[in-house]
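One line per chain: the protein sequences are A and B, in this order. Just so you know, we're using my numbering here: the first sequence kicks off at 1 and counts up by one. Just so you know, we're using my numbering here: the second sequence kicks off at 395 and counts up by one.
It cannot be assumed that every hint is accurate.
[Said to hold, decoys possible] Derived lysine-lysine pairs resembling DSS-like cross-links, with alpha carbons at most 27 Å apart:
no. : chain 1 : residue 1 : chain 2 : residue 2
1   : B       : K570      : B       : K589
2   : A       : K357      : B       : K638
3   : A       : K2        : B       : K437
4   : A       : K200      : A       : K178
5   : A       : K223      : A       : K326
6   : A       : K382      : B       : K428
7   : B       : K482      : B       : K428
8   : B       : K570      : A       : K34
9   : B       : K763      : B       : K417
10  : A       : K68       : A       : K28
11  : A       : K95       : B       : K560
12  : B       : K560      : B       : K602
13  : A       : K364      : B       : K570
14  : A       : K2        : B       : K570
15  : B       : K483      : A       : K382
16  : A       : K32       : B       : K560
[Unchecked claim] Label-pair distances were calculated between CB atoms; the ranges are:
no. : chain 1 : residue 1 : chain 2 : residue 2 : range
17  : A       : R77       : B       : P601      : 57 to 63 Å
18  : B       : K433      : A       : K2        : 49 to 55 Å
19  : A       : G119      : B       : K433      : 55 to 61 Å
20  : B       : G782      : A       : R306      : 38 to 44 Å
21  : B       : R561      : A       : R218      : 52 to 58 Å
22  : B       : E623      : A       : A152      : 51 to 57 Å
23  : A       : P86       : B       : H645      : 23 to 29 Å
24  : A       : Y87       : B       : R769      : 47 to 53 Å
[Unchecked claim] Here are a few chain B residues that sit away from chain A, every Cβ distance over 12 Å (derived from the structure):
no. : residue
25  : E438
26  : L488
27  : T491
28  : V494
29  : G498
30  : K589
31  : R632
32  : S664
33  : P767
34  : E805
35  : G808
36  : I871
37  : T872
38  : D901
Honestly, the hints are just simulated from the structure, not real lab data. Glycine included, C-beta positions come from ideal geometry on N, C-alpha and C.
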Amino acid sequence: MKITVGLFFGGRSVEHEVSVISALQALKSFDKEKYDVLPIYITREQQFFTGEAVGKIEEYRDIPALLKKATRVQPLREGDRVLVLPYGRFGLKSKALAALDVAFPVVHGTNVEDGALQGYFRTLGIPFAGSDVAGSAIGMDKYAQKLLYAAAGLPVLPALRFRAGEEREEMARRMEEKLGFPLIVKPLDLGSSVGIRLVKSPEELPEALDEAFSFSDRILAEKAVQPLRELNCAVLGDADEAIASECEEPVMGDEILSYRDKYEGGGKGAKTGGSKGMSGLKRLLPAPISREMREEVQELALRAFRALDLSGVARIDFLMNAETGKLYVNEVNTCPGSLAFYLWESTGVSYAKLLDKMVSLALKRERRRGSFLSAIDTGILKNYAPGGVKGTKG
Amino acid sequence: MRIAALAVMTVCYLACAFFLFRKHVHIFQLNSYKPEVQKGWIKENIESLLLRSVWALAAVFPARELGDWGCFPAGVLFLVVLFLNLPKKAKKPLVVTARVKRLGATYFILCLIPVLFALFAPEGEAFGALLMSFALVGTPWLILGANSLNRPVEKGIDRHYINDAKRILSRYPELKIIGVTGSYGKTSVKFFLEKLLSVEYNVLVTPKNYNTTLGVVRTVRENLRPTHEVFVCEMGARNVGDIKEICDLVHPQWGVITAIGPQHLESFRSIANVVKTKFELADALPPDGVFFGNMDSEEIRNRKVSVQTVGYGTLRGDYRAEDIRCDEHGLRFTLRGVEFETKLLGRHNVQNLVGALAVANTLGIPLEKLKAPVRQLQSVEHRQQLRGSGDRLIIDDAYNSNPAGALAALETLGLFEGCKILVTPGMVELGEKQTELNTELGRQAAKVCDYAVLVGKKQSVPLRAGLTEAGFPAEKITVADTVEAAIRAADGFDTGGRRRVILLENDLPDNY
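Take the sequences, apply the hints, and build the full model.
Rendered as structure tokens:
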């Protein structure tokens, strides 16, 4: 009997389209002998669709047309399974299209990668691949994860956090005092380098702040590393055991890697690199670094992964001072573009094997969770008398 | 007038039949729908049964003699019988399954026969009333008759489900199937295996006490998922051939026999039969299968098995527990140099744990990785389960006692500081040896307990004899009618300021 995997992608996120690319790459690579994969597309309007067309990348050139061909569905927990029920003209039908054994989210960005979708799966009660709710949420918070890295003794750049309502002048003053220029300004809780700006002098600050605040209520100001090299390394596993991948060095177009670089270009003005996602970006793989440097990056990556209690595959991004060689943990991607499959191939982990391991980890987490007591019958409700002063926690 | 009276009588009759049916089908369910056992129960309780139903027979008199409205008093008589048979609060209440409904349907059809007579036969009221009263008094036997009539249908339904389960299992060629059987310890070993194997694998186990063929069928049809990698199937038996039947369904590759004891001797008739039946599991294993046997048991040790054997236990075996220590906080032992600790109580649980560890280790999980799950193990419900706190502790060993388990529970009780109170109705289903084994239990209890509360006047005679024989003071022995009353009594004894520790040993269901 094959395991039925619900592959969820899309969502109401800035990185919606990237997620479609990543997911359909994954769809092709599952071991079809072992898994029955059902692609479930989450539209920007937060509706779920499935069907044969949903699994074909070409169909996404015209999404409204695609949705007409596809079947709108709703996951529903029934007994101890999660059924995928089709939505007909008169509401939910009773005959399910499939019963899912495990959910596999391939999603990027806010509303999906930040624990929201993971929380939904927890509530539905279905095992899911990737990091759990807490890990996913912290993974999307650039400031909070820094605190955890620092507590774990990992090298991080000093940073300040600001909210949209605060006084701009005060912000500028504190940045100058604590960080100094040049510095980086970026939204706190988005991914894929959206809204990120290098600020070389105080004059450039207002425009950079405007851009960052146009994407989010909360921003991060961080000391810039110059001259800068970036290094990425992926980790696969969980808190019990994990392995690190090969290292890559993403190559920048602008002074810092921007969204445009990652997804819209393989080079100047070229459009073709874009649809391959992260795997189409110009990259140096393996990164041209010494063996010691690579080992150091891998060790830091494993420690960062563990510090946030992550699971599945995550990509940890590092900043390196090109002159001194000092490494800093920049941030983590709990659901990296293309699931970082290209970082694993040289270590002998094929895409199919990567996906298989992630499903295994999801099932392992579910069984561990199932073995703990989650409810104790205290009889509070039986003895409850409204109007008590103390409340129920006593 | 006549019609009205007739209608009233019929309604009273049907209502009464409903309650009588409910009462007797409940007992039938508790007796696992076994006609022989049911007949035995009827024989045992015939006086109380008749006392509650024979009044219906008087209905024929008013129906015949009192003319037009004669059926009214007849109906009243039926109502009286109804009230004598109202359902009482039960430990194991009636579960209205599809089978119960099918029996009810057949019974109801049989009950309609007197009604037809009353309606259509000339001067039928009297004869109808007579037949109705026969039906009511004869309900116990009518139910057995309905059961026979339903047999072909039940067999067909069972067959359908069994074939469905076989079909489902054939779609899981990779699934590792481990059978667990034994006179006792099998449910514990099954639950331990679930926890230990879950370190590495997705495990399905037969839930609760689903250890019959139909229980296994239900587990396969309802709970088996494509994500499962191991299926631990508990196999219970009351008769020769029961284990073979389950093995023919699941085809286990590995098998565990936990113990041989005098369980269900009434149906097995001899220990030799018990051994023969349990070893149906070993016989069903494929040539490359593995058999795990508790080598502390002589019968298991001496029996030859054709597949690869892994022995376990505390005295000898490939997996032998050493340095065993038991106290009121749990157990500790060393296995192949690895130290294990657990909150579980009861020396016999060391055997159960070693058995589960042997299987998990043979399946590739290193013993070091099993230390944490063993420490996290919770007691299995009602199997030397420690409950309560502070000054009042209860060792709940309520489920299906066996002599070895009962003695182990007494040993555990002895480990606790405080006022030790035994609450027990004694052990059942031990056939001829029942009296002897209960007397021995009484003798052993005398060494450990400060007080003894025996449940059931008839049941507890051999226990009292054993206690007295060993010099236990008579004033410290109390007899109660129910377990609830016994616990109340136990709570009332003067402990002299010490902690109260109550051992609840075996709690019998309502058909005893």
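Status of B:I871, Cβ more than 12 Å from any chain A Cβ: holds, 35 Å
Given as non-interface: B:T491, partner chain A, CB spacing beyond 12 Å: Holds, because the least Cβ-Cβ distance between B:T491 and chain A comes to about 18 Å, which exceeds 12 Å.
Hinted pair A:K2 and B:K570, Cα distance within 27 Å: holds, 16 Å
CB-CB spacing for B:R769 and A:Y87 relative to the 47 to 53 Å hint: For B:R769 against A:Y87, whose Cβ atoms are near 48 Å apart, the range 47 to 53 Å holds.
Distance rule for B:K589, whose beta carbon must clear each one in chain A by more than 12 Å: violated, 7 Å
B:S664 non-interfacial with respect to chain A [C-beta, more than 12 Å]: holds, 41 Å
Satisfaction of the hinted span 51 to 57 Å by the C-beta atoms belonging to B:E623 and A:A152: violated, 34 Å
Least C-beta distance from B:R632 to chain A larger than 12 Å: Answer for B:R632: holds, closest chain A Cβ roughly 31 Å.
27 Å Cα cutoff - pair B:K763, B:K417: violated, 52 Å
Assessment of proposed distance window 49 to 55 Å (beta carbons of B:K433, A:K2): holds, 50 Å
Distance restraint hint 57 to 63 Å, applied to the beta-carbon atoms of A:R77 and B:P601: violated, 20 Å
Pair hint A:K223 and A:K326, alpha-carbon separation not exceeding 27 Å: Given pair A:K223, A:K326 holds - Cα atoms ~14 Å apart, limit 27 Å.
When each numbered hint is compared with the structure, violations occur for hints 2, 3, 6, 9, 17, 22, 23, 30 and 33.
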